[in-house]
Amino acid sequence: NAGVMQNPRHLVRRRGQEARLRCSPMKGHSHVYWYRQLPEEGLKFMVYLQKENIIDESGMPKERFSAEFPKEGPSILRIQQVVRGDSAAYFCASSPPGQGTEAFFGQGTRLTVV
Amino acid sequence: GESVGLHLPTLSVQEGDNSIINCAYSNSASDYFIWYKQESGKGPQFIIDIRSNMDKRQGQRVTVLLNKTVKHLSLQIAATQPGDSAVYFCAEGGGYNKLIFGAGTRLAVHP
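Protein sequence lines correspond, in order, to chains F and S. Residues 1 to 114 (the numbering used here) make up the first sequence, in order. Residues 1 to 111 (the numbering used here) make up the second sequence, in order.
Hint data in this document are derived by calculation from the structure and do not stem from the laboratory. Given the structure is predicted, the values throughout are model-derived calculations rather than measurements. Ideal Cβ placement from N, Cα and C applies to all residues, glycine included. Incorrect hints may appear among the rest.
If you only want the chain S side, here are some residues facing chain F, beta carbon under 10 Å, derived [said to hold, decoys possible]:
no., residue
1, Tyr36
2, Gln38
3, Lys42
4, Asp49
5, Ala79
6, Gly83
7, Val87
8, Phe89
9, Leu99
10, Phe101
Build the full structure now, drawing on both the sequences and the hints.
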């Protein structure tokens with residue numbers, strides 16, 4: 001059973017370009033969470049999705065950021081018109097249905113905006 | 001706002017000693033608390049969790065203590081090894097897995 005898979009592991013974008021980060025949850029997991037981590041800081045919650053539904057996006061910036069988790073395929077975190085401040089590590093976690101169950105994290109995508 | 005914070009940003013210990021990493025939280029409504037280990041360039045790795053109705057839980061070489069009176073959480077690592085060197089985060093959660101992470105403590109184990 002493969003773990004949570006994120007790709008790419010490293011992504012470099014120029015200011016103004018779009019960044020697409022992908023997350024394939026563990027098999028059997030229908031809940032996906034995205035977190036952002038700045039250097040030397042803890043992870044900050046961004047969004048929680050279930051298949052085809054955004055459940056909680058209270059941590060997402062209001063502009064330029066969007067997330068989806070389609071019926072088929074990976075979850076996508078999309079950042080439009082990236083700025084230097086978007087440079088961070090973006091982690092995805094997944095969990096099976098149910099409350100309070102352990103979430104498993106992927107290895108993250110390190111986005112660098114130049 | 002509600003937050004989870006840590007007392008010590010860096011902890012240096014000798015190999016074989018016991019390590020204690022502390023964490024303060026402010027949301028008394030959290031259902032559970034989790035300790036994660038994060039090695040450089042990797043994602044957080046689950047270590048141990050504890051429900052809010054418990055005050056102690058033990059795992060392999062690790063023990064988590066929860067003091068709800070003073071909203072304090074600690075992680076004890078017995079016989080610390082070089083492989084334990086990492087950044088440790090406490091996190092609190094409730095309901096679904098929307099976790100609030102602390103800033104982290106770097107544990108450095110010296111031979």
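Hints, one by one, checked against the model:
1. Tyr36: Status holds, d = 8 Å.
2. Gln38: It holds, given that the least Cβ distance between Gln38/S and chain F is near 9 Å, below 10 Å.
3. Lys42: Holds: closest Cβ of chain F sits about 6 Å from Lys42/S, inside 10 Å.
4. Asp49: Holds: closest Cβ of chain F sits about 7 Å from Asp49/S, inside 10 Å.
5. Ala79: Violated: closest Cβ of chain F sits about 25 Å from Ala79/S, beyond 10 Å.
6. Gly83: 18 Å, violated
7. Val87: 9 Å, holds
8. Phe89: 6 Å, holds
9. Leu99: With a minimum Cβ separation of about 6 Å from chain F (threshold 10 Å), the hint on Leu99/S holds.
10. Phe101: Hint on Phe101/S: holds, closest Cβ of chain F at ~4 Å, below 10 Å.
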